[in-house]
Amino acid sequence: DGVPGSGKTFAAHILAGSLHRPLVVANVAYIGGMSAREAWIAVEERVELAHRTRAVLLFDEADLLFAPTAGRGEALAQTILQTASMLETTVLFTSRTFGGDETALKRRLDWRITFPFPDGPTRAAMWRHFLPTDALTAGTIDLAKLGRAFELAGAQIRKAAIRALTRAHAAREPLAMGHLQDAGIEECQASGTLFRLEERAKPLVDRSRIIKVTPASVDESVLRAPSDE
837 DGVPGSGKTF
847 AAHILAGSLH
857 RPLVVANVAY
867 IGGMSAREAW
877 IAVEERVELA
887 HRTRAVLLFD
897 EADLLFAPTA
907 GRGEALAQTI
917 LQTASMLETT
927 VLFTSRTFGG
937 DETALKRRLD
947 WRITFPFPDG
957 PTRAAMWRHF
967 LPTDALTAGT
977 IDLAKLGRAF
987 ELAGAQIRKA
997 AIRALTRAHA
1007 AREPLAMGHL
1017 QDAGIEECQA
1027 SGTLFRLEER
1037 AKPLVDRSRI
1047 IKVTPASVDE
1057 SVLRAPSDE
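According to the working numbering, the sequence shown is numbered sequentially starting from 837.
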């Protein structure tokens, strides 16, 4: 479990690759909108495919299965347990939250891995990963500054990096901090995420370290909220 863009599905692909097996994906958010009969058929088809190909089976976006309330999610979880119980392969679930209530599905899980929101140094490493080496050798890109300025998950950093590279290429310019900062700001605005630029703001406590934040604990003068324009 972890926030969107933290790498849950990507990790499932890596795990399947390390086992030298294909990955069969069942999107729970999509299946959850089906009728009970359609959901059963959809789950059964993916379980059968995973069995036939000896694949790792991933139930992606499985928030519905871990919801604290009974009903649709509970019925679908029972369907999955019944159809996948005899499957001799690795079965994975991804979810934004795990929930606190005990369920039959949770009792069947062997491992739970939580993907934390990346801190500043981790975000800087992600920027490095998504940018070409030749753009970094010029020494004009401050990765640590990007990591501190934009509280983005990995998938969002990837989109911001691609946007910055595309604009620099279209303008026939070398990639510069301006391209990356503009792209980072736009990604923050699109996702409703706070950002700060050092020359205009004091350092904020990193969100990955915050358990609970109340409005009174935040100095609004150091925050730049996304624009509605």
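If you are wondering where the hints come from, they were derived from the structure by calculation, not from laboratory data. Some clues are possibly wrong.
What the hints assert, rightly or not - FRET-style restraints, in silico, Cβ to Cβ:
1) Q1025 - D978: 19 to 25 Å
2) Q914 - D955: 36 to 42 Å
3) A872 - L945: 21 to 27 Å
4) T976 - R888: 49 to 55 Å
5) R964 - L885: 44 to 50 Å
6) R943 - M870: 36 to 42 Å
7) A872 - T969: 18 to 24 Å
Note that beta-carbon positions come from the ideal geometry of N, C-alpha and C, so glycine has one too.
Hints and how they fare:
1. Hint check: Q1025 to D978, Cβ distance near 21 Å, so the stated range 19 to 25 Å holds.
2. As the Cβ distance of Q914 to D955 is approximately 38 Å, the hint placing it in 36 to 42 Å holds.
3. One distance hint, 21 to 27 Å for the beta-carbon pair A872 and L945, holds here, with the actual separation near 24 Å.
4. Between T976 and R888, the C-beta spacing of about 52 Å keeps the proposed range 49 to 55 Å intact.
5. Separated by about 37 Å at the C-beta atoms, R964 and L885 break the suggested range of 44 to 50 Å.
6. A C-beta distance of roughly 25 Å is found between R943 and M870, which places it outside the suggested range of 36 to 42 Å.
7. At roughly 52 Å, the beta-carbon separation of A872 and T969 lies outside the given 18 to 24 Å, and the hint is violated.
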